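Chemist: Sequence:
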Amino acid sequence: MSGEGLSIKTGERFSDALKRHKYKGIAVVAKFNGSLFDLSATAPSEGEFFPVELNSEDGIRILRHSAAHLLANAVIDIFPGALLNAGPATDDGFFYDIDMPPVSSEQLKDIEREMHRISNRDVPIQRTVMTKDELLEKFKNNPYKIEKIMKYVPDGGSSSVYTQGNFSDFCTGPHVPSTGYIRYFSLTSVASALHKKDNGEEKQLVRIYGTAFPDEESLKNYFVMKEEAAKRDHRRIGSEMDLYVFDSENAPGFPLYAPNGALIREILISYMRDLNRQNGWTEVSTPHVFRDTMWKRSGHYAKYRSDMYLFDLAGDGYAIKPMNCPGHILIFRRKIYSYRDLPVKLSEFGTVYRYEKSGEVGGLTRPRCFTIDDGHAFLAMDQVRTEIISILRMFMESFTTLFGDLEISYELSLIDRENPENFLVTYVCRKCGARFEMRASDSELVCPSCGSLEHSVDLSKWDSASDALRSALLHLNLPFRETPGDAAFYGPKISVYLKDAIGRKWQLSTIQLDFFMPSNFDLTYIDSKGNRSPVVMIHRAVFGSLERIIAILIENYSGRLPTWIAPLQVVIIPVTESYLGYAEVLKREMMNAGIRVYLDSSSETLNKKLRQIRKFRPAYICVVGENEVKENTISVRNRADNISTVTLKGFLETIEKEIRTKSINQLVG
RNA sequence: GCCGCCGUAGCUCAGCAGGUAGAGCAGCUGAUUCGUAAUCAGCAGGUCGGGGGUUCAAAUCCCUCCGGCGGCUCCA
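So the first sequence is residues 953 to 1621, counted in the working numbering.
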């Protein structure tokens, strides 16, 4: 949409109005009174409309949606029996879910060829309005469309069908005027997707992904960007920097940290340990294995048994821990706490093991074992808000330190008040007034004291907890959106998202409120009136897992980590071996200053030594030769490849400051 | 677990209408002593992911298992 509105008369076609105004751009649809209309549509009243350009946000979405139709058209041409489900535009392209036999990559090329053929013929795309009955008749052979028509079109109402040549689809549109508008597209992959029918049944469909752009240049750029993202892949960079290995034969899904990677973990742990201490978190240590009795009580056994590493020994069942919280609970309940002692805040860098299914494991973002910077606060409900504020501050501080000014956003996940049966809520018996907590979806709601089936729901606990979380976010003025129904079954939660240097969104840590575990383990404290009161638990992780935060760091910085985190802070390269003596003096001085330094004493050429060290992404490379020896200086090259000449003293002072302040920027160069 | 693609030297990859393996980088040895991304030469390195089958003959074709990648589902 550009410039000023164009006038249109009642009943005039938008395309005709464009001609009348001698419109020069490439419009795909028209915006009239805030709604989008096909260009072939007529204006319902007199007024002004704005042409929506192909090359605009709305335009690209419409283009991609039309490309999804083009895809469906091509599939039906080649596989007449295929049943279409849904084909929306996505953030970077489109897909269509289709009930058909599996598609090979060869067939994908055939489909793409057919799409180009239809595009070249420039087939007009036409909208037809049909009544619900007509729609049901037209799509009677496609149960997926029938399902949608029944769901979205009211009885006696009508909706639209879009037709291009031999192909029609039930769709509200709008669409580009003809298939010729869709020229720069590509099918990118085939996947399977599950379709949940209304009766709960699941059906596996073929999902074909593609993307489309207004011009060839943008399409090319898209693939260049994809390659850029692939170059940042932490698996690739991590192996170049010698951080970790994945031995898929002997340890599938279990990352093994080499010295450089272990160093990064060490640095992050020590940073978080300080932050924990400053915020009143004490550190505990719990074992990796517990008797299965505990997992049965915690509820993990029932729900996650198939994802746990279990074993039997001498007739007893054991499980390797998939979570740290039960261990912390056992520590908490070793004694009786007074309200004066709360909150009790236990933290641990706890490594957990979860058997992720074969198709789910991958890199550091989804390993089968990972270390959480875990923490559990045990407190009274009226302390929740203050504690959440403190934890949110820890988030902000740590992410600013690690990533600088990247955009962080928050999500508040709440109970679905209309459908509380999937959540752990308090019920009040209408007969005897007894209160009991349970999840209605797990079993029948029977009052445990009188056996009555009459009860009412009490959401006050959920409400005060949700209010505390919301109020903490508001207090800190943090941007957040609320998602009712997304809460964990045992309590509401806050999730944190980070947008990285190339615009990708990562989910980081979560803060979860938990009413379930405290009641399962009967955790109480003595309140000011001397009564036993139930404890509320907060589960929190700031980094989430070390694995994940390391992956994000590497992908965000493309491996060129801030100096305080870089495993290799300085590499010294003598121009030739004759300057090794001077280089060794420098190395010793730097080592004494606590800097992680490596001296390349090989007899290779300077160029070769530079080339070889590059993949390790050192923070600084110091080259020394005749000039430096003579002047008693160092030639320093930083991560951005800027070269400057400094004295050893000046270099040490600056880099020490850079490391001490955990600067994400380099101060030399 | 499901769909698609893939698995050849430490790494990146070639070889695949079937005739029991090849390159570059890395490694080692030697020469070169060099000013900010490719100095030269030589050497060594692989039961072609595992198992089974077809065949006179399998890295190549078929089956199966194990892994990896992209999605789906899941992610306490």
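Quick caveat, the hints were computed from the structure, so don't treat them as lab data. In this text, all values refer to a predicted model and were calculated from it rather than measured experimentally. There may be inaccurate statements among the hints.
Simulated pairs of lysine to any residue, SDA-like, Cα-Cα distance not exceeding 20 Å [claimed, not checked]:
| hint | residue 1 | residue 2 |
| --- | --- | --- |
| 1 | K1100 | V1081 |
| 2 | K1084 | G1125 |
| 3 | K1103 | Q1078 |
| 4 | K1560 | S1587 |
| 5 | K1582 | I1595 |
| 6 | K1248 | K1172 |
| 7 | K1287 | S1237 |
| 8 | K1061 | K1100 |
| 9 | K1172 | N1374 |
| 10 | K974 | S959 |
| 11 | K1148 | N1374 |
Here are the simulated distance ranges between beta carbons [said to hold, decoys possible]:
| hint | residue 1 | residue 2 | range |
| --- | --- | --- | --- |
| 12 | Q1078 | S1310 | 29 to 39 Å |
| 13 | E1192 | I1478 | 35 to 45 Å |
| 14 | L1558 | I1030 | 25 to 35 Å |
| 15 | D1419 | T1245 | 31 to 41 Å |
| 16 | T1557 | R1065 | 46 to 56 Å |
| 17 | L1208 | G986 | 29 to 39 Å |
| 18 | H973 | N1007 | 11 to 21 Å |
Heads up, the beta-carbon is just placed ideally off N, CA and C, and yes, glycines get one too.
Chemist: Given the hint that K1287 pairs with S1237, does the C-alpha gap stay at or below 20 Å?
Modeler: OK: K1287 and S1237 at ~17 Å, within 20 Å.
Chemist: Within a Cα-Cα threshold of 20 Å, do K1560 and S1587 meet the stated pairing?
Modeler: holds, 17 Å
Chemist: Verify the CB-CB distance for Q1078 and S1310 against the hinted window 29 to 39 Å.
Modeler: violated, 47 Å
Chemist: T1557 and R1065, beta-carbon distance inside 46 to 56 Å?
Modeler: holds, 51 Å
Chemist: Is the distance from the Cβ of D1419 to the Cβ of T1245 consistent with 31 to 41 Å?
Modeler: Check passed, 36 Å falls within 31 to 41 Å.
Chemist: H973 and N1007, beta-carbon distance inside 11 to 21 Å?
Modeler: Since the Cβ atoms of H973 and N1007 sit about 19 Å apart, the hinted range of 11 to 21 Å holds.
Chemist: Check the hint pairing K1061 with K1100 against an upper bound of 20 Å on the C-alpha distance.
Modeler: Status violated; Cα separation ~30 Å.
Chemist: Is the Cα-Cα distance between K1248 and K1172 20 Å or less?
Modeler: violated, 54 Å
Chemist: When you check the alpha-carbon spacing of K974 and S959, does it fall within 20 Å?
Modeler: holds, 12 Å
Chemist: Next pair to validate is K1084 with G1125; report whether the Cα-Cα distance is within 20 Å.
Modeler: Holds: K1084 and G1125 sit about 17 Å apart, inside 20 Å.
Chemist: When you check the alpha-carbon spacing of K1582 and I1595, does it fall within 20 Å?
Modeler: Holds, at about 18 Å.
Chemist: Holds or violated: the 25 to 35 Å window for the beta-carbon distance between L1558 and I1030?
Modeler: Cβ of L1558 to Cβ of I1030: about 59 Å, so the range 25 to 35 Å is violated.
Going down the numbered hints, you'll see the structure goes against 3, 6, 8, 9, 12, 13, 14, 17, while the others check out.
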